[in-house]
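S.K.: Here is how the chains run, residue by residue.
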Amino acid sequence: MNTETLIHELAMQLQPVRPLSRPVTRLAQWVLITAVFIFLSLSISGVRPDIVAAFAEPGFTLRTLLMLGVGLAAAFSAFSFAVPGNSEKWPVVASVVGIAAFFATLGFWLISAKTFSPGPGMICVRNVFSLGIITGTILCIMLRRAAPIKAGVAGMFALLGAASLANFATQFICQREGPVHVLVWHLIPVVLLCGGGILAGRLLFRWNEGK
Amino acid sequence: MDPNQDQVLAALLANGQKGDSVAYEKFLLEASVVLRRFLIRRMKTIEMAEDVLQDTLLAIHRARHTYLPGRPVGPWLYAICGHRMTDFYRWHRRVERVEAMVMNETIDSTSEENKRGRSVREALADLPEKQRKVIELLKVQGLSVKEVSAHTGMSESAVKVTAFRGYETIRRIFGVDKK
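Residue numbers (the working numbering), protein chains in the order written: chain A, 1 to 211; chain B, 212 to 390.
Excised from the complex, chain A in its bound form (with noise of 0.2 Å):
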């Protein structure tokens, strides 16, 4: 079939399309499903008693405001990765940075900690594995609509993104405190789901091969 027999076949079979919401649109959309999933969980969990006193701590609502600045920060950069030709370096930046952030927080914390047990958390494991794989399972169903050209890269940013909220949710629940105990059972959780993003992208986001 000759090129323009192909382009003539296509014109005659179009159908009207509603085009995709600017990504920070679709972010606002994902954002409040997700505040409603948040809302869920810290309801059922409960959210620790020493909440405001935690708050009063700096590293702690640090650590807290820069959880939610990742995550939200790499879900507009998932849903930037699913338009064609987005160039949008300043999401990844600020993702990246806010990680980097975090890690030195953590890295402050350490040097003054006084205990490296990290302690029971599977309660932790499990907050950030459910509600991080809900809200990612919606993000990710919300880019194939999409179509992500990086699609690997798409599904890592899609559940880092989640993830982040996630562990986000559950500073708010977590009473236990120690820089080892939140390496462990809060972001090794976040590294598998975001290590499983990438599974998910490249299996789900194949926009190309034909509907």
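Calculated directly from the structure, the hints in this document are not laboratory data. Cβ coordinates follow ideal geometry from the N, Cα and C atoms, glycine included. No false leads were mixed into what you were given.
So, partial list: chain A residues that the calculated Cβ filter (under 8 Å) puts toward chain B:
1) 11
2) 16
3) 147
Have a look at the derived ranges for each label pair, beta carbon to beta carbon:
4) A:123 / B:305: 43 to 53 Å
5) A:103 / B:240: 48 to 58 Å
6) B:301 / A:125: 34 to 44 Å
7) A:8 / B:364: 16 to 26 Å
8) A:120 / B:280: 45 to 55 Å
9) B:298 / A:97: 30 to 40 Å
Here the structure of chain A is known, so what remains is to put chain B in place on it, guided by the hints.
M.R.: The following block gives chain B in isolation, referenced to the frame of chain A:
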């Protein structure tokens, strides 16, 4: 692509998204001129460039809802085209690797099938009729893809896909995936 041409194409695509098939056909025709020029500069042969161009047009059609009206259309077009070009080269490298294996019988000497003394030609006999016929015409009789297409009545793309599937089966039989 100059800004004026970008604006014209963007307007045509925005109308295409609303279902205007005349505007859409004009958009695809004009985009194909731009993209053909882009591909010919980057690909080994004109035939390859045309193959990727057609694949790109199909991808553009599937992803037409992802163009955000009001934004420049050039980066969107080139991103899709570059993506299809990368995929095409990846696919080609795989085909060439498998073809080389079939031609040279560079099979895994430790594979179970090889231990049984099975040759590639014997494996060929076990392939589905269509795959076997296409591979024999291409590799035994040495016909070109175009000639096989004329001989079998299949399209050139179908010939390539059928041959590739056959190569993959032979590759699996001889455990070449492990390499």
